[in-house]
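Undergrad: Each protein sequence line maps, in turn, to chains A and B. Heads up: the first sequence begins at 1 in my numbering, then just goes up one per residue. Heads up: the second sequence begins at 1 in my numbering, then just goes up one per residue.
Mixed in with the good hints there might be a few duds.
[What the hints assert, rightly or not] Listed next, with one range per pair, are the computed distances between beta-carbon atoms: (1) A:Ala193 - B:Asp274: 36 to 46 Å; (2) A:Leu33 - B:Asp22: 13 to 23 Å; (3) B:Leu287 - A:Leu189: 18 to 28 Å; (4) A:Leu200 - B:Leu272: 41 to 51 Å.
[What the hints assert, rightly or not] Covered, in the sense of this in silico footprint (three residues per stretch, anywhere, with C-beta under 8 Å from a C-beta of chain B), are these stretches of chain A: (5) 20–26; (6) 32–44; (7) 104–113; (8) 116–126; (9) 173–185; (10) 189–200; (11) 218–224.
[Unchecked claim] If we take Cβ atoms under 10 Å as the criterion, some of the chain A residues that face chain B in the derived model are: (12) Trp29; (13) Ser68; (14) Gly69; (15) Cys70; (16) Ala129; (17) Leu136; (18) Glu157; (19) Leu167; (20) Val208.
Derived by calculation from the structure, the hints in this document are not laboratory data. Idealized CB from N, CA, C, for every residue including glycine.
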Amino acid sequence: MSTETTPGSHAAVDDFQPTTWTGSIRKKWLETLPPEKMLPENQPAYVASWIYVFGMLTITALIIVIASGCILTIGGIQWFHESSIGHFVNSLHFWSVQLFFLFMIVHLWGKFWMAAWRGHRGLTWATGAICFMAGLGTAFTGYTITTNFNAQWVAFESKDVMNAVGLGSIINVTNLGQMVVLHVVLLPLAVVAVVAMHVLLVRKHGVVPPIDAIDPEAAVATETAEVSS
Amino acid sequence: MSRKERNAFYARPWAGPNRHYDIFKEGAIALTVTAVLVVALSALFSSPDDPSLTYQGWAQSAPDNFYATAVSQLAGTSGTATYGPPYNNASDGLSVGPIALQKWTGVTHPVDTANDFVITPLTSQVEPNDVSAALKTWNAATADQQAKWAGDYDTAVQATADDNGLHLDAVAKGDYGPVPDLAKGLLAMANSGSYDNAMTAQQKFFQTDQTKQLLMMGDGSYMDDKATALNLQGNTWGMMNEAGSWPGQIWLAFWSVWYQLPAFNNADGGTLTDNADAIIFFILVLLILMFILVPWIPGVRDLPRWVPVHRLVWKSYYKKYGRASS
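Here chain A stands alone, though its shape is the one from the complex (with noise of 0.2 Å):
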């Protein structure tokens, strides 16, 4: 007979003993994301500044990119110099890109400002640095496969850098055809991979307290105070 009740809740989780691989890696992931801290309801009282948005923003436009990318993908590269629909497609994912770094960075600054690594999360902030790297390595195989002058430029000059130290034996900035196997697939692999992890370690560990915050009991204290006067 089966132990399982509440998916999810600690009991569940506690009593189940697991008889397969399945099994283990299900009862590993309940007990490191439970439910309610995967999808909370509540947050933290300190978790109120506009600054939290940004992270936010920058999943919505890395999933406008992706969407208006799709649709250049069966466009085909050449398809935005030919097709008005297509120029608008390409100009939604040139702004949306635009969009993306701009909220990533306000994001990561203000993350540096708000020490988000305390609190044994360094690995947060290693995944989401890693992420704007990833980012701008996507976004820069996207400038060489414009198929215009600045693609011709672009990668014209990047070449000299890659060749400087090697890379440019491996990675061809001037061969059209790697690079747009590397902007469409695997770099947007890596950073919807790298963002995944990002988005887990902080539902994970949860969103860090402020600098100095007091003890929490002592806060409670203070708004229950609050409260019954």
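Put chain B on the given structure of chain A with help from the hints.
TA: Here is chain B on its own, set in the frame of chain A:
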């Protein structure tokens, strides 16, 4: 509290006051706001799409430069011919002290400028008699003879240069073999547009590698002049600029800034200019590692505590609940 105690405190599950929060509602509103912004920006400002340059355009607008570039490809004096790895062994390439990664990785994309940029394209189509005869003479000559003809002619062509450019009608007379006819033939080919086709196809049906095309294009002044006019050169923050009035890759500012320093800047004759790309790359790798490892770097990780920007972020929380003394 010690750092360790503080970290343990910040790591504890939050047991203080909470507020209602709906992540999906926030996401839906954020997505709507971002989508509206993206559509509005796209409708208002569109996006850049400056047509690509062609050899035909180059030959028609700067024929002397195209002609001289063709000669330099035969003579082995062009930027590509003297580049080094990964295209050839004409030089060692860039290095940082004893670290010569460019040399160590070797020639992985071989380019023979005389054959790839001049002889093979000319051979790919039916040529006028003089060009056809020039091709036969060139192919029948020894490598030393070819180098002598092309080298002498390249020197003679470059000697005509002054502030107004080249003066091909003033090239000194000499024994240049078939080189003038080959350069003339290539210029005619470019003028007709067939050089674009030959360089694009590279004698293949399927071809997605534009390496040779771009190297030839970059060896002349045509593309460079246009980039200069559009402020796209490295020493004018070109790495993060876009053709026209659109924002470019502004996020590359942390990279581009190094090229503005006099030591790395061609225009200022910087001491590190020759190896700038390699040196700056290594500096950036170090900085990127530091960026990723901020939480573990003493001093850097303490900056937010010393510079109280966080008091603005948590102003209302501090006001209501107070702050612990650090």
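Undergrad: For each hint, tell me whether it holds in the structure or not.
TA: Verification of the hints:
no., hint, result
1, A:Ala193 - B:Asp274: 36 to 46 Å, "holds, 39 Å"
2, A:Leu33 - B:Asp22: 13 to 23 Å, "holds, 18 Å"
3, B:Leu287 - A:Leu189: 18 to 28 Å, "holds, 26 Å"
4, A:Leu200 - B:Leu272: 41 to 51 Å, "holds, 43 Å"
5, 20–26, "violated (count 0)"
6, 32–44, "holds (count 6)"
7, 104–113, "holds (count 4)"
8, 116–126, "holds (count 8)"
9, 173–185, "holds (count 6)"
10, 189–200, "violated (count 0)"
11, 218–224, "holds (count 5)"
12, Trp29, "violated, 18 Å"
13, Ser68, "holds, 8 Å"
14, Gly69, "violated, 13 Å"
15, Cys70, "violated, 15 Å"
16, Ala129, "holds, 4 Å"
17, Leu136, "holds, 6 Å"
18, Glu157, "holds, 7 Å"
19, Leu167, "holds, 8 Å"
20, Val208, "holds, 6 Å"
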